[in-house]
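Engineer: Single-letter residue listing:
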Amino acid sequence: MSELSVPRAARAPGWFDRIGIGHLLLGALLLVYPAMANDFFLTQIGGYSLVLGMIALSLMLLAGYGGMVSLAQITVAGAAGYVVAIFGENNSGIYGFGWPWWVYGPLAILIASLMSALIGWVAVRTEGIYTIMITLAVATACFYFAQQNYALFNGFPGYNGLRAPEVFGVYWRDPVPFYYLCLFCAVLAYAAVLYGARSTFGMTLQAIRDNPRRMRSIGFDVTAHKVFAWWLAGLIAGAAGILLVWFNGRISPGTIAVGPSINILVIAIIGGMRHPIGPFLGAVIVTLMQTFAIDIIGAERFNTLIGMVFLIIVFISPDGILGLWERVKPKAGGEDWRASFRTSVK
Amino acid sequence: MATTVAASRLQGTGANALELDGVGRTFGALTALSGITMRIAPGERRAVLGSNGAGKTTLFNTITGDFNPTSGQIRFFGEDITTLAAHERIRRGLRRTYQISQLFKNLTVRDSVFLACRGVSRRRFSLLRPRDTDSAMAQADSIIHAVHLDGDRDVVVGTLSHGQQRQLEIALSLAGAPRFILFDEPAAGLSPTERRDLIAILNALPRHIGYIIIEHDLDVALRVSEYVSMMHNGTLFTEGTPEEIEQDPRVQEIYLGGGHG
Chain A
1 MSELSVPRAA RAPGWFDRIG IGHLLLGALL LVYPAMANDF FLTQIGGYSL VLGMIALSLM
61 LLAGYGGMVS LAQITVAGAA GYVVAIFGEN NSGIYGFGWP WWVYGPLAIL IASLMSALIG
121 WVAVRTEGIY TIMITLAVAT ACFYFAQQNY ALFNGFPGYN GLRAPEVFGV YWRDPVPFYY
181 LCLFCAVLAY AAVLYGARST FGMTLQAIRD NPRRMRSIGF DVTAHKVFAW WLAGLIAGAA
241 GILLVWFNGR ISPGTIAVGP SINILVIAII GGMRHPIGPF LGAVIVTLMQ TFAIDIIGAE
301 RFNTLIGMVF LIIVFISPDG ILGLWERVKP KAGGEDWRAS FRTSVK
Chain B
1 MATTVAASRL QGTGANALEL DGVGRTFGAL TALSGITMRI APGERRAVLG SNGAGKTTLF
61 NTITGDFNPT SGQIRFFGED ITTLAAHERI RRGLRRTYQI SQLFKNLTVR DSVFLACRGV
121 SRRRFSLLRP RDTDSAMAQA DSIIHAVHLD GDRDVVVGTL SHGQQRQLEI ALSLAGAPRF
181 ILFDEPAAGL SPTERRDLIA ILNALPRHIG YIIIEHDLDV ALRVSEYVSM MHNGTLFTEG
241 TPEEIEQDPR VQEIYLGGGH G
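Those sequence lines, one after another, are chains A and B.
Under UniProt numbering, the residue at position 260 of the first sequence is numbered 260, and the numbers go up by one with no gaps.
Under UniProt numbering, the residue at position 203 of the second sequence is numbered 203, and the numbers go up by one with no gaps.
Heads up, some of the hints might be wrong.
What the hints assert, rightly or not - Here are the simulated lysine to aspartate or glutamate pairs, EDC-like style, with alpha carbons at most 20 Å apart:
#1 B:LYS105 x A:ASP295
#2 B:LYS105 x B:ASP154
#3 B:LYS105 x A:GLU127
The hints are simulated quantities; they were obtained by calculation from the structure and are not laboratory data.
Quick caveat: nothing in here was measured; it's all calculated off a predicted structure.
Build the full structure now, drawing on both the sequences and the hints.
Structural biologist: Have a look at this one:
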């Protein structure tokens with residue numbers, strides 16, 4: 001819509017202009033990545049980063065656009081994971097109804113999104129740090145409940161032997177198919193968030209973040225809109241949860257513990273929450289660090305190194321990697337970096 | 001147009017635009033409002049005067065539902081809205097502005113006004129981007145024009161000057177089809193030129209839109225209102241035409257502290 005006021009837009013912007021050179025280069029790189037990477041880098045780094053990035057993206061949606069910082073995103077992803085374990089196949093000897101993936105997949109996403117909406121419905125009564133605390137409380141409660149409940153969650157061991165399906169003769173946990181599956185889902189979620197940010201609802205959410213009182217006095221049901229945002233975030237986190245259990249081959253309370261839930265927050269903060277690319281950048285950095293810090297500094301101190309890097313990034317740039325980029329990007333006069341990309345194409 | 005719909009709806013009901021019956025509000029031991037009874041006809045333009053702490057803004061907050069009154073009843077065009085949620089009152093045609101601008105600092109002027117139009121229409125949850133042909137967009141543009149912000153349509157709200165933010169405050173209250181607007185000190189902090197602009201904007205409002213205006217500047221208040229209610233210590237002190245109020249010696253004593261200006 002702002003194109004109207006841009007004088008050089010004598011013709012409608014083409015698809016190339018609309019997607020932007022940055023996205024095209026990044027997309028091309030990600031597509032040919034399997035040709036350059038071995039299986040380890042393809043799955044443990046590539047696929048895993050994309051999955052964590054999606055979960056962090058669901059947090060970015062809530063926190064970046066809605067001002068609601070949630071520590072329960074891994075819990076929502078875990079809910080989808082447990083649905084996969086219970087309704088799909090497992091080796092743990094309880095449940096494992098063996099439903100096909102195209103039934104348990106949508107069911108898992110649906111249940112995760114409803115759970116997310118429920119958590120949101122409780123959390124939106126609070127603001128700021130209290131939202132963090134209440135979602136932390138929910139995440140912790142879910143962790144202990146899953147750990148102590150054997151009837152449904154199989155307690156401490158959880159479920160083992162979860163297998164990704166074979167579709168079109170392809171086993172989707174093989175390195176290359178799994179990588180492309182994760183890439184496909186991540187791109188879909190990323191594009192949806194990027195598009196949705198400028199949708200009516202996206203603007204609504206950002207306006208609620210800026211001033212909920214004013215939103216009420218122009219006719220918006222603030223609570224309903226916030227809960228809807230949680231539901232949408234739950235769709236993304238739920239889809240990522242399915243990929244996560246296919247990746248791990250198992251789900252247990254450890255997956256949804258407090259450590260992993262803080263990990264998601266760390267990813268989102270390191271990457272930056274002002275643009276949906278941030279969570280993916282953060283996920284790559286954190287995954288690389290968690291994989292290789294142990295080689296650099298040894299088993300006893302690798303968490304210290306990760307913590308140091310986190311501190312340094314937050315110290316230098318509270319907006320994460322995106323904030324760093326804002327400072328060093330080519331000066332093009334545009335306020336946002338997509339604008340500067342567009343200018344550099346010209 | 002939506003405004004004519006509102007106008008016809010207005011003629012259909014014989015009720016007052018706004019009726020307050022013994023409205024009170026306490027905060028713990030503090031009584032901010034007590035026994036406010038008021039009748040305001042459709043299309044009427046009323047000024048509420050009173051010194052600081054008289055309860056004027058509290059009165060607005062109870063009418064719009066920012067918080068509910070602790071006693072009494074509020075009717076809007078005949079309907080009891082005393083405990084209705086704030087956004088529901090807005091959808092019935094009530095609007096307000098704030099004494100301290102309450103805006104969306106990261107949105108553009110146009111998107112802000114668009115949202116205000118969307119707030120009282122359908123597709124509030126739309127996950128699609130609004131088109132330029134969207135009726136709410138067209139409405140937003142005409143409101144932006146009405147408050148003289150055409151040149152700043154695509155400016156981010158946080159970078160607007162104070163005066164422009166006050167104009168945007170008014171724009172947000174004009175969105176949709178307002179039937180009644182509460183203006184809370186719209187002239188606060190404005191320059192003399194901007195004040196003249198404000199008076200022009202208020203006087204150019206369609207006749208069927210009534211309003212209450214809280215205003216410390218008597219010159220502004222008396223030029224945009226037909227009737228004046230005077231508040232003191234949370235109660236309604238006296239009511240009358242601007243002339244009567246100006247002459248009333250008790251008013252001079254309480255509000256003007258003896259001297260003019």
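Engineer: It remains to establish, for every hint, whether it holds in the given structure.
Structural biologist: Going through the hints against the structure:
A C-alpha spacing of about 47 Å is found between LYS105 of chain B and ASP295 of chain A, which places the hinted pair above 20 Å, so the restraint is violated. With a CA separation close to 13 Å, the supplied pair LYS105 of chain B and ASP154 of chain B stays within the 20 Å bound. Restraint check: the Cα-Cα separation between LYS105 of chain B and GLU127 of chain A comes to about 18 Å, which is no more than 20 Å; the hinted pair holds.
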